[in-house]
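Chain by chain, the residues run as shown.
There are 4 protein chains.
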Amino acid sequence: MYYENKCAKDVKIGYIGGGSRGWAWGFMSDLISAPDMSGTVCLYDIDKVAAEKNRIIGEQYNQAEGAKSEWHYTVADTLEDALSGADFVVISILPGTFDEMESDVHTPEKYGIYQSVGDTTGPGGIIRALRTIPMFEVIAKAVEKCCPNAWVINYTNPMTLCVKTLYRTFPKIKAFGCCHEVFGTQRLLSIALNDYYNTDVYARDDIRTNVIGVNHFTWITDASCNNHDVFGVYDSFCDKYAETGYSTKKNWANKAFMEYQLVKMDLFKRFGYIAAAGDRHLAEFCPSSWYLKDPQTVDSWKYALTSVEWRRQNLKERLGKSEAMLSGEMPITIKRTGEDGVNQMRALLGLENMITNVNIPNQGQIPNLPLGAVVETNATFRANEVMPVYAGNIPNELYSLISRIVGIQETVSDGATERDLDKVFLAFIEDPQMNIPVKDAKTLFDEMVANTAKYLTEYL
Amino acid sequence: MYYENKCAKDVKIGYIGGGSRGWAWGFMSDLISAPDMSGTVCLYDIDKVAAEKNRIIGEQYNQAEGAKSEWHYTVADTLEDALSGADFVVISILPGTFDEMESDVHTPEKYGIYQSVGDTTGPGGIIRALRTIPMFEVIAKAVEKCCPNAWVINYTNPMTLCVKTLYRTFPKIKAFGCCHEVFGTQRLLSIALNDYYNTDVYARDDIRTNVIGVNHFTWITDASCNNHDVFGVYDSFCDKYAETGYSTKKNWANKAFMEYQLVKMDLFKRFGYIAAAGDRHLAEFCPSSWYLKDPQTVDSWKYALTSVEWRRQNLKERLGKSEAMLSGEMPITIKRTGEDGVNQMRALLGLENMITNVNIPNQGQIPNLPLGAVVETNATFRANEVMPVYAGNIPNELYSLISRIVGIQETVSDGATERDLDKVFLAFIEDPQMNIPVKDAKTLFDEMVANTAKYLTEYL
Amino acid sequence: MYYENKCAKDVKIGYIGGGSRGWAWGFMSDLISAPDMSGTVCLYDIDKVAAEKNRIIGEQYNQAEGAKSEWHYTVADTLEDALSGADFVVISILPGTFDEMESDVHTPEKYGIYQSVGDTTGPGGIIRALRTIPMFEVIAKAVEKCCPNAWVINYTNPMTLCVKTLYRTFPKIKAFGCCHEVFGTQRLLSIALNDYYNTDVYARDDIRTNVIGVNHFTWITDASCNNHDVFGVYDSFCDKYAETGYSTKKNWANKAFMEYQLVKMDLFKRFGYIAAAGDRHLAEFCPSSWYLKDPQTVDSWKYALTSVEWRRQNLKERLGKSEAMLSGEMPITIKRTGEDGVNQMRALLGLENMITNVNIPNQGQIPNLPLGAVVETNATFRANEVMPVYAGNIPNELYSLISRIVGIQETVSDGATERDLDKVFLAFIEDPQMNIPVKDAKTLFDEMVANTAKYLTEYL
Amino acid sequence: MYYENKCAKDVKIGYIGGGSRGWAWGFMSDLISAPDMSGTVCLYDIDKVAAEKNRIIGEQYNQAEGAKSEWHYTVADTLEDALSGADFVVISILPGTFDEMESDVHTPEKYGIYQSVGDTTGPGGIIRALRTIPMFEVIAKAVEKCCPNAWVINYTNPMTLCVKTLYRTFPKIKAFGCCHEVFGTQRLLSIALNDYYNTDVYARDDIRTNVIGVNHFTWITDASCNNHDVFGVYDSFCDKYAETGYSTKKNWANKAFMEYQLVKMDLFKRFGYIAAAGDRHLAEFCPSSWYLKDPQTVDSWKYALTSVEWRRQNLKERLGKSEAMLSGEMPITIKRTGEDGVNQMRALLGLENMITNVNIPNQGQIPNLPLGAVVETNATFRANEVMPVYAGNIPNELYSLISRIVGIQETVSDGATERDLDKVFLAFIEDPQMNIPVKDAKTLFDEMVANTAKYLTEYL
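Protein chains in written order, with this note's numbering: chain A, 1 to 460; chain B, 1 to 460; chain C, 1 to 460; chain D, 1 to 460.
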């Protein structure tokens with residue numbers, strides 16, 4: 001990597017999970033849109049054929065309309081090949097297959113436990129973590145060996161435990177986890193301002209927010225936009241849409257992701273702080289009786305339980321899209337994602353400073369959560385620097401909800417690292433969704449482990 | 001107060017709740033048994049007649065067999081009279097009457113929420129706290145005015161919130177909260193050792209323990225006794241009595257307090273740390289599905305839901321006992337309580353050093369709980385000194401269970417101090433026992449508040 | 001204040017010390033150069049005539065070449081008038097006169113104690129603090145009363161104690177202290193890069209730095225610029241100029257401020273971290289035998305003891321310049337200062353985000369310094385937000401040097417707040433420059449207090 | 001080791017430095033006086049002949065008048081032999097010989113730097129630490145290998161750095177450092193009480209103290225004794241003896257250790273906290289101009305610069321005493337030391353609880369000093385437990401004096417561990433006694449290193 005005319009040239013990115021259909025294309029779009037950065041992306045995927053297809057697609061982005069730089073794509077045979085010499089490592093993998101995810105999300109339904117996502121927390125999130133953590137141990141060791149100074153950006157869920165594992169395995173790693181859930185809430189706040197002032201001037205970037213919490217259960221404790229009372233405006237907004245909810249889409253073609261913000265607004269009206277993630281995520285961190293008691297309750301809050309069946313269908317569509325792009329049937333078009341990833345890279349290269357929310361270990365940015373636990377707050381992004389910004393204490397009203405999650409995640413981390421399923425089970429029964437007797441919980445746990453045993457051999 | 005021949009003379013104790021039938025007599029017994037301390041106890045009670053009766057009974061202890069010192073009793077007209085010039089203040093009150101407690105404990109049953117005690121945590125504990133906190137604000141202000149250097153010993157529940165309120169109202173107060181629940185577990189450990197080694201030499205005092213947690217949800221993370229493996233011995237004990245449970249009593253005449261330690265032993269076997277309170281208390285801090293799902297679950301764990309009806313009956317008996325003592329029908333006999341209270345006073349007077357568990361604000365003795373939250377750990381007791389002993393972090397497996405309770409208690413403290421029932425309700429729905437929808441919880445909350453409104457006028 | 005087309009209009013600034021000759025004009029230049037901000041500056045000064053002259057000069061900036069906005073100036077009769085309705089408060093005052101400063105700086109010379117600046121630390125800085133702290137108490141109270149939500153920017157020395165006093169008096173104040181000393185070092189690093197790579201492309205803003213310490217004794221623990229090894233390059237630079245020193249000026253017309261960076265470079269070579277303030281300041285925080293033993297030692301390090309006589313001369317020149325501007329003899333020209341002040345205001349107004357170093361109380365940004373002590377680290381500046389950025393621990397090698405200063409400053413704060421000269425004297429004899437017996441130190445202290453007694457009536 | 005009738009039998013103590021003439025005999029006296037403990041002491045010393053002589057003397061204590069238990073002595077060939085199977089390890093060694101100590105203490109005098117002890121801090125203490133730290137690394141590793149569960153008690157100076165090295169090398173070590181300096185001050189307080197009340201009833205144990213600081217620079221921030229105002233009484237005492245000083249001895253036969261408490265009393269009168277170590281130690285931690293400017297200054301404070309020549313003479317006497325005991329010429333008599341060591345062992349064996357001051361890493365007992373730095377505060381001693389007691393923050397007035405020492409010691413620890421003399425030199429020039437230019441300090445440092453090079457081969 002070198003600099004020329006305020007541009008970073010020959011940047012090397014190792015992309016783990018590079019065979020992705022969908023996420024990868026957004027990343028390619030963002031990369032090719034950054035005029036001051038160019039280089040090579042080395043794709044690595046256990047499905048090497050998929051990676052190879054993305055390589056071809058990736059190269060085509062250089063010819064897309066609006067391309068502002070040049071990025072070349074290669075495919076690595078091994079993880080180590082992908083990482084050697086990398087300036088950045090991007091991790092976006094599916095730990096296991098949709099078969100395992102099917103078990104994660106739907107097995108608990110037999111016990112009356114419903115999950116709207118099932119990849120972060122709850123029984124599904126915990127079992128998914130069991131598969132994921134050993135994979136991230138391997139990645140962290142490879143980073144230590146092949147590119148110890150690279151910046152590692154994780155997009156994989158369960159986010160908190162992925163980042164925790166990276167630091168636990170290689171404490172000097174320069175890693176952070178990125179998630180767009182807060183952005184959606186910032187966008188909602190800008191909508192509320194526009195709605196209130198009957199204008200359309202405000203966008204996400206106009207809202208300055210202070211963020212605290214853990215990934216997918218983040219809260220905004222302070223916000224500014226010009227000299228407006230953002231909390232007051234949002235309060236009116238929540239009143240206005242208390243019955244109908246608010247949705248950016250008229251019709252939810254994709255019902256699986258439907259959200260009318262009613263959970264988010266209910267939490268704000270109760271707690272006085274702005275819950276800042278999608279309703280499907282927020283619900284999973286609250287006591288089960290609040291929003292996830294049963295499908296009727298979910299309906300009443302106007303959001304959805306995303307089924308894995310839907311994900312399978314959606315993958316089929318994306319596979320079709322992949323083939324269409326490969327055959328040239330579908331032209332390559334740049335579609336920006338609105339994510340911060342590429343801008344974070346630019347910031348780390350010194351091209352533009354940035355302050356945004358990110359998942360890293362607590363070094364005191366949230367004084368009343370344990371040091372070392374992975375939390376989500378703002379951080380500065382500058383040349384070769386990610387530094388947490390002081391975010392303040394978790395307010396007392398939220399401390400019970402958030403600290404218990406931190407304890408669960410730390411326990412899953414311990415149990416998985418020690419390959420101790422009994423310890424993991426302690427976290428399992430402490431989860432807010434686990435409203436069943438311990439004996440039943442054990443049966444469920446064993447069943448979920450058995451269902452996904454192919455990926456859990458190190459524990460068994 | 002002065003010293004003579006290594007004895008403390010003319011010690012003045014202000015006793016708030018001095019009309020108590022039962023607890024007061026144990027305290028009188030302990031006082032009269034301490035050979036190196038004498039003085040005056042000034043009884044204060046809103047039931048002045050009861051205080052007057054205890055005055056007479058108290059004086060009679062001076063003639064009881066085994067009396068080793070001399071204590072005189074007076075009755076105060078006002079709280080301030082009771083506290084003026086006090087060296088020690090003892091607080092042991094019933095906030096409200098059994099009518100309120102009836103509502104605290106039994107109203108939630110209509111909603112399927114069962115409470116084994118209902119005075120510390122859970123819906124009952126929280127509503128009781130609402131009555132209690134303003135009373136403790138009054139007491140703290142009176143201490144500040146009348147005896148700012150006195151040591152204040154609280155025995156009232158909810159312990160954590162009583163102590164919190166004292167410090168919140170008068171930050172320089174020298175207060176701590178005493179509870180005997182840990183002692184019972186220390187006794188159980190000595191029994192386990194005797195059982196294992198087929199001996200009877202071990203007693204509670206032979207077991208050195210490190211205590212962490214919050215009142216009634218305390219845990220022993222380390223224990224020693226000679227060169228024995230106390231945790232190992234207890235593990236065998238738990239295996240041996242896994243089916244039958246273990247009870248110090250052959251028959252539980254008083255079924256209302258029945259305990260076979262099965263909850264305690266179950267928690268130990270799962271978590272690897274020794275849960276150190278009575279089963280009836282421990283159960284209330286765990287998720288409701290674990291031990292308090294319904295009365296059948298409670299039966300299966302062989303402990304009891306203590307009804308307020310039983311307490312009413314028991315009070316009648318104690319009233320009878322009071323009259324019998326007053327009339328001389330029943331002779332005054334010294335019955336030591338096994339509590340640390342009087343020895344703590346002796347320690348604070350410099351007569352004998354002591355290390356025991358106590359409830360005080362966190363100053364770092366548990367680094368991963370918030371500073372200022374009231375926690376239970378060991379402390380040193382010496383001449384005019386109570387200093388917390390470093391107890392270490394809450395282990396990750398327990399952190400979820402304990403930290404959520406701390407958050408709830410801090411929120412109740414905030415809400416009650418601010419007379420903000422909406423904020424208190426946030427704690428109410430965060431409680432582990434609140435497994436019902438928020439709407440139902442609100443109905444329950446409103447009903448419980450209405451039932452006890454006589455004592456909640458400051459909020460309404 | 002309101003927003004129009006991404007500009008902040010009608011911004012109100014209360015300027016305490018608004019009669020300044022020099023600093024005020026730079027501030028006026030910076031203000032008029034910001035295209036997206038306009039409003040009114042209300043000047044307050046105990047020398048009201050001087051403020052009135054600056055009002056006239058200030059208005060003239062609107063006609064200067066290059067003016068990009070419009071700022072109007074008024075003069076306040078009272079502090080409260082100046083602050084009422086302010087969005088920002090700027091404090092830049094001289095506590096006392098040059099007569100007092102003469103005593104601060106030069107009286108210790110009789111005892112063999114030499115000070116290169118004498119306004120921050122050392123005997124001079126401490127006595128100056130005695131005058132300053134009561135003034136800042138008055139200011140903080142006026143802010144609380146007149147504009148509690150205003151952002152307060154302090155430029156006055158002793159910086160640390162000024163900011164400390166603001167927070168100590170009005171804990172919810174939104175205040176921070178600005179100082180350009182770090183900028184000079186960032187500039188020096190860019191020079192070193194240009195020197196090393198034989199180019200001229202690098203400027204201060206290209207260097208990303210992590211800053212820790214206390215004002216005027218700040219250190220850079222990490223720096224980045226493109227993919228260069230900034231520390232390595234600076235190491236070579238220090239070797240290259242080890243003998244001659246390095247100066248941006250060929251000839252020091254103004255010998256009183258001469259600096260050849262030899263102290264800075266010596267500290268870097270020893271400690272491995274980049275000392276980031278002017279040599280005249282750095283020297284005063286180190287043990288007196290290092291750089292301030294006597295004038296010969298100062299000469300050997302090629303920096304200067306700035307005399308107050310020089311300041312008097314300089315003031316005369318500036319008074320002349322003031323008259324010349326008033327008479328129109330000297331045209332008003334915009335001269336940007338290179339300071340961050342106006343950009344910080346723009347950031348706080350939400351016009352552009354910023355990350356820069358600033359003096360605020362420690363909330364954990366430096367974990368191994370006491371909470372609440374005022375420290376200098378980076379902070380984020382965004383719409384209505386200044387949040388400290390985590391800076392990390394003071395390295396062990398520097399901890400002795402820096403922590404002792406923090407203790408001294410906290411003690412001066414305590415002593416001055418309590419108007420307790422005996423306590424202040426403890427700080428006085430703990431200062432690194434106080435290498436004389438305690439008895440002599442007392443004589444010196446008394447003499448310095450007597451010399452400046454006019455401003456110390458509250459202590460006497 | 002086993003227990004029988006509340007006695008600990010067959011206790012194994014590994015004694016490193018077991019050839020000591022003097023200290024060993026006191027330890028033997030204390031051991032033989034404890035009725036509830038018996039066992040074996042395994043002596044290890046690089047001077048094996050000396051250890052063998054002590055073995056013979058040690059056995060003789062069993063026949064001494066007043067012997068209450070039975071202790072047998074063996075001699076180990078190797079360190080590992082001495083530690084294998086040990087329940088306790090006692091470390092009391094001289095790192096190097098008096099030749100090295102001669103250099104430590106007296107070489108700096110050529111540069112005008114005087115040291116009253118020279119074994120803890122100052123140039124002498126730092127150079128001594130260089131010799132000592134590698135030795136303690138060896139010991140810690142041997143403990144890890146041979147007796148990882150043993151309690152390790154250090155008496156060697158520099159205390160702080162010895163204990164730091166043990167924990168740094170083997171983080172799970174159960175080690176603490178014992179020092180009697182605080183006891184002397186507690187004794188002085190009891191004398192002050194007796195003096196004030198014209199009685200003789202008070203002894204050291206009657207004074208309850210809160211202790212903070214680092215070894216040999218400890219401070220009492222709170223004290224109680226009955227209902228007396230201990231600080232007030234001590235204040236009167238300091239006034240009464242302000243001129244003459246106070247000494248427990250009429251004539252100082254041994255002038256080398258002469259102390260009239262004038263330094264201690266001066267520090268109390270200035271700072272309001274009770275400096276709690278011998279004057280010779282206290283002086284070395286204060287700025288050199290306070291008490292150690294030159295020999296005349298030392299004289300004026302009526303304490304002594306202990307010369308190594310005196311130590312050589314004293315050793316000769318002790319060698320003579322050793323021979324006299326061996327030959328039977330001098331009868332073995334039990335002389336209790338007044339140290340806590342044997343009682344601490346008894347407490348760790350569960351025979352009697354104890355609260356006393358001790359040197360261990362900071363885990364929060366002093367919140368405003370860095371975690372992990374070795375500090376001296378109270379701790380509980382109970383069965384297999386040493387737990388720090390919360391001691392509170394270093395008061396601001398003392399923070400400058402104490403924190404700078406902590407920084408110096410941590411830097412010496414880093415430098416010595418890394419065998420980096422340049423880093424150690426940074427600590428050297430930060431020391432309060434180093435009032436000379438850095439160049440001269442370097443010459444001195446090099447000379448002191450050269451003088452003791454025989455023991456510093458790992459650095460050179």
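Since the hints were made in silico from the structure, they are not lab data.
Among the hints, erroneous ones may be present.
Because identical chains share one entry, a pair is satisfied inside a single copy or across any pair of copies.
[What the hints assert, rightly or not] In silico DMTMM-like pairs for lysine to aspartate or glutamate, Cα to Cα no more than 25 angstroms straight-line:
| hint | residue 1 | residue 2 |
| --- | --- | --- |
| 1 | 145 | 4 |
| 2 | 6 | 81 |
| 3 | 293 | 446 |
| 4 | 442 | 294 |
| 5 | 172 | 418 |
| 6 | 269 | 30 |
| 7 | 48 | 4 |
| 8 | 316 | 239 |
| 9 | 293 | 440 |
| 10 | 240 | 229 |
| 11 | 145 | 200 |
| 12 | 141 | 447 |
| 13 | 172 | 414 |
| 14 | 269 | 422 |
| 15 | 321 | 235 |
| 16 | 240 | 329 |
| 17 | 316 | 137 |
| 18 | 172 | 80 |
| 19 | 12 | 80 |
| 20 | 110 | 65 |
| 21 | 293 | 458 |
| 22 | 6 | 102 |
| 23 | 454 | 77 |
| 24 | 293 | 47 |
| 25 | 335 | 294 |
| 26 | 48 | 422 |
All values derive from a computational prediction rather than experimental measurement.
Under a CA distance limit of 25 angstroms, which applies to residue 442 and residue 294: within one copy, between copies, both, or neither? both (21 angstroms within a copy, 19 angstroms between copies)
Alpha-carbon proximity context of residue 141 and residue 447, limit 25 angstroms: neither (31 angstroms within a copy, 47 angstroms between copies)
Is it within, between, both or neither when you check residue 293 against residue 440 at 25 angstroms Cα-Cα? Answer is both; intra-copy 17 angstroms and inter-copy 13 angstroms each pass.
Using 25 angstroms as the alpha-carbon threshold, which applies to residue 172 and residue 418: within, between, both, or neither? both (21 angstroms within a copy, 20 angstroms between copies)
For residue 335 vs residue 294, is the C-alpha pair at or below 25 angstroms within one copy, between two copies, both, or neither? Neither way: residue 335 and residue 294 sit 37 angstroms apart in one copy and 55 angstroms across, limit 25 angstroms.
Check residue 145 against residue 4 for me: Cα-Cα at most 25 angstroms, and say if that holds within a copy, between copies, both or neither. neither (29 angstroms within a copy, 54 angstroms between copies)
Alpha-carbon proximity between residue 293 and residue 458, which holds within one copy, between copies, both or neither at 25 angstroms: For residue 293 and residue 458, the Cα distance exceeds 25 angstroms both inside one copy (34 angstroms) and across copies (35 angstroms).
When Cα atoms must be at most 25 angstroms apart, do residue 110 and residue 65 count as within-copy, between-copy, both, or neither? Classified as neither; 50 angstroms inside a copy, 67 angstroms across copies.
Measure nothing new, just compare the shortest in-copy and cross-copy C-alpha distances for residue 172 and residue 80 to 25 angstroms and report within, between, both or neither. within (18 angstroms within a copy, 36 angstroms between copies)
Measure nothing new, just compare the shortest in-copy and cross-copy C-alpha distances for residue 293 and residue 47 to 25 angstroms and report within, between, both or neither. For residue 293 and residue 47, neither the intra-copy (38 angstroms) nor the inter-copy (47 angstroms) Cα distance is at most 25 angstroms.
Intra/inter-copy verdict for residue 240 and residue 329 if alpha-carbon distance must be at most 25 angstroms: The answer is neither: 46 angstroms in one copy and 63 angstroms across copies each exceed 25 angstroms.
When no copy is named, should residue 269 and residue 422 be tagged within, between, both, or neither for a Cα gap of at most 25 angstroms? between (39 angstroms within a copy, 11 angstroms between copies)
Hints 1, 2, 6, 7, 8, 11, 12, 15, 16, 17, 20, 21, 22, 24, 25, 26 from the list above are not met by this structure, while the remaining hints are.
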